[in-house]
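Per our numbering, the sequence shown runs over residues 1 to 164.
Note that these hints are calculated values from the structure, not bench results.
Note that this is a predicted model, so its numbers are computed, not measured.
Honestly, I wouldn't trust all of these hints.
To be verified - Subject to a maximum C-alpha distance of 20 Å in a straight line, what follows is the list of computed PhoX-like cross-link-like pairs (lysine-lysine):
(1) Lys137 / Lys149
(2) Lys75 / Lys130
(3) Lys125 / Lys107
(4) Lys24 / Lys36
(5) Lys19 / Lys35
(6) Lys61 / Lys100
(7) Lys149 / Lys125
(8) Lys61 / Lys95
(9) Lys99 / Lys61
(10) Lys35 / Lys24
(11) Lys35 / Lys17
(12) Lys118 / Lys137
(13) Lys130 / Lys118
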Amino acid sequence: MEKESDFFSIRGKSDRKRKRDALKQRQKQLISLRKKQRKLWNTLKNLGFETVETPYQTGFKRLFILRDDIAKTNKAEFYNELLIHINTIQTSMRKDFAKKKRKLGKKIYVPQEQQLRKLEPYLFKRIPEKFHGCFIKEEIYDPQSKSIKTSFVFIEPWNGKNGN
Numbered sequence: 001m002e003k004e005s006d007f008f009s010i011r012g013k014s015d016r017k018r019k020r021d022a023l024k025q026r027q028k029q030l031i032s033l034r035k036k037q038r039k040l041w042n043t044l045k046n047l048g049f050e051t052v053e054t055p056y057q058t059g060f061k062r063l064f065i066l067r068d069d070i071a072k073t074n075k076a077e078f079y080n081e082l083l084i085h086i087n088t089i090q091t092s093m094r095k096d097f098a099k100k101k102r103k104l105g106k107k108i109y110v111p112q113e114q115q116l117r118k119l120e121p122y123l124f125k126r127i128p129e130k131f132h133g134c135f136i137k138e139e140i141y142d143p144q145s146k147s148i149k150t151s152f153v154f155i156e157p158w159n160g161k162n163g164n
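Throw the hints in and build the complete structure from the sequences for me.
Structure, rendered in structure tokens:
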């Protein structure tokens, strides 16, 4: 009789106890993983930087520059100063600056057009007075905000070329 009572007193864990132990083990595992992650992050952060002798980059960059004949005139300095305010820089992974678009189910490359910056009124006020004569005020209705947007556009045909 004693042997039977010993047998029943040494039974396994209840379902509730087993689930609780499994959750504790999982939490301990997550805590140790977090500690390892923190150590790796600190070592990565403390690696420092290695200076590169020749800088490198992927892709291409283009912007507007003055043509050679305009650069030799007496207005070259004026246009160079103006170009600082209205120049746009475009970057692309392709040399021809084409963008992938879908047309009738096919993906084709369409060339991107680069334009000079249209100045908002707050930017227009910041540029020097001598450049104000080169711009014209343009008002466009924006249906999304239901308001008229004002911008200042460069009047003259651009006396430059795209520089890559």
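Hints, verified against the model:
1. Lys137 / Lys149: This hinted pair holds, its Cα atoms lying about 10 Å apart.
2. Lys75 / Lys130: holds, 12 Å
3. Lys125 / Lys107: violated, 43 Å
4. Lys24 / Lys36: Holds: Lys24 and Lys36 sit about 19 Å apart, inside 20 Å.
5. Lys19 / Lys35: Violated, at roughly 25 Å.
6. Lys61 / Lys100: Satisfied, since the Cα-Cα distance of roughly 17 Å is no more than 20 Å.
7. Lys149 / Lys125: holds, 16 Å
8. Lys61 / Lys95: holds, 9 Å
9. Lys99 / Lys61: holds, 14 Å
10. Lys35 / Lys24: holds, 17 Å
11. Lys35 / Lys17: With a Cα-Cα distance of about 27 Å, the restraint between Lys35 and Lys17 is violated, given a limit of 20 Å.
12. Lys118 / Lys137: holds, 10 Å
13. Lys130 / Lys118: holds, 17 Å
In summary, the structure is inconsistent with hints 3, 5 and 11 from the numbered list given earlier, while agreeing with the others.
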